[in-house]
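**Q** Sequence:
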Amino acid sequence: MTQPEALTPEEVGEFYDDRGWLYEIFMGHNLHIGYWDDVDPAADPKDRLTDVLIERTRVRAGQRVLDVGCGTGRPTIRLAAATGAEVVGINVSAEQVAQGKELAREAGLGDRVGFELVDAAELPYDDGSFDAVWAVESLMYLGDRPGALREIHRVLAPGGRLVLADYVESGELSARWRRVLTEGFTVASLPTADDYRDMLRVADLEITDFEDATPHLRRSAQRIDRLVADNYHLVEERGGAAFAEQFKASISDIATLERDHLGYVIVISSRSR
Numbered sequence: 088m089t090q091p092e093a094l095t096p097e098e099v100g101e102f103y104d105d106r107g108w109l110y111e112i113f114m115g116h117n118l119h120i121g122y123w124d125d126v127d128p129a130a131d132p133k134d135r136l137t138d139v140l141i142e143r144t145r146v147r148a149g150q151r152v153l154d155v156g157c158g159t160g161r162p163t164i165r166l167a168a169a170t171g172a173e174v175v176g177i178n179v180s181a182e183q184v185a186q187g188k189e190l191a192r193e194a195g196l197g198d199r200v201g202f203e204l205v206d207a208a209e210l211p212y213d214d215g216s217f218d219a220v221w222a223v224e225s226l227m228y229l230g231d232r233p234g235a236l237r238e239i240h241r242v243l244a245p246g247g248r249l250v251l252a253d254y255v256e257s258g259e260l261s262a263r264w265r266r267v268l269t270e271g272f273t274v275a276s277l278p279t280a281d282d283y284r285d286m287l288r289v290a291d292l293e294i295t296d297f298e299d300a301t302p303h304l305r306r307s308a309q310r311i312d313r314l315v316a317d318n319y320h321l322v323e324e325r326g327g328a329a330f331a332e333q334f335k336a337s338i339s340d341i342a343t344l345e346r347d348h349l350g351y352v353i354v355i356s357s358r359s360r
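Letter by letter, the sequence shown follows residues 88 to 360 in our numbering.
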C-alpha cells in the first residue's frame, strides 16, 4: 500500500481552524457521516452513528476511552454521557479543542471529559491506560497510519477495543477524482478495506467485527447538495459571493466522489495481549 502524501499535523490543524465555521454550518458538532437503521428512525442520522459506535465500544462507568481526532467533541461528550466513562478527546486543531472544552462545560461533564491538543502519531499516555479507543474519520488524514495503530495498541489495555470508522477507496480513481480527493480530504490516497485489515493485523489488533457501511455514506452524500442550497446564503454572507460559488462547486464534486467512488467501514478490533 502506498502511503499518502499527507499534510503535517500542524497543517491539518490549520486546515480545520480555517474552515471551522463551514463545518459548523453544514455539520454542526458531528463531523462524520450519518447512519440509518430501524432502531430509531426519528433520530438524527449523525447522532445515530455515534450511538452505534457507543454500543459497539462496550465500556462502563469508571473506564477510560481515548477519542482520536475528536472534532469539536459532540460524539465524545455523547459517549461519556451514555456510558459514565471518562473520555479524553484529542485533536490537532486548537480551535476544535477549545470548542470541545466549552461543550463539555455546558453539558456539565467537564470532570469526566477532557480535550487535548495531541498528535495521534505520538500519544503522550502510558501503556495500557485506556479501555477503549475511538478513531472516527481520523486515521484517513494521517501519513503514517500503521504507526498510529501501533500507538493505539500501546495505550490500549489488554482486552481493550478499538472502534474504527473511516472512508476507504473502493476502486481505482481516475486522475480527476484523485484530484478531488486530494483537494477535499487533504490526502492523495485512502486505504482500501483490505488495507485496514492488514494494518490492524500487523498492529496486533484482532478484528471481531467488520461492517461495510458504504450504503450509509451514499445516503449521507445524497443530502449534501440540498444542505448547500439551504445554507448557501450563510456561506455567501461569511465568505463572499466568489467564495460561495467556489465552495458550492467543490462540495458538489466531493459529494459525487463520496456517492460514486468511495466506501466506508466500521471495524471493531481488540488488543489480545
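Mixed in with the good hints there might be a few duds.
What the hints assert, rightly or not - 16 angstroms max Cα-Cα, derived EDC-like pairs, lysine to aspartate or glutamate:
1. Lys-188 to Asp-213
2. Lys-133 to Glu-270
3. Lys-335 to Glu-323
4. Lys-335 to Glu-324
5. Lys-188 to Asp-198
6. Lys-188 to Glu-209
7. Lys-188 to Glu-173
8. Lys-335 to Glu-270
9. Lys-335 to Asp-312
The set of hints was computed from the structure by calculation and includes no laboratory data.
**Q** Check each numbered hint from earlier against the structure, then list the numbers of those it violates in ascending order.
**A** Violated: hints 1, 2 and 6.
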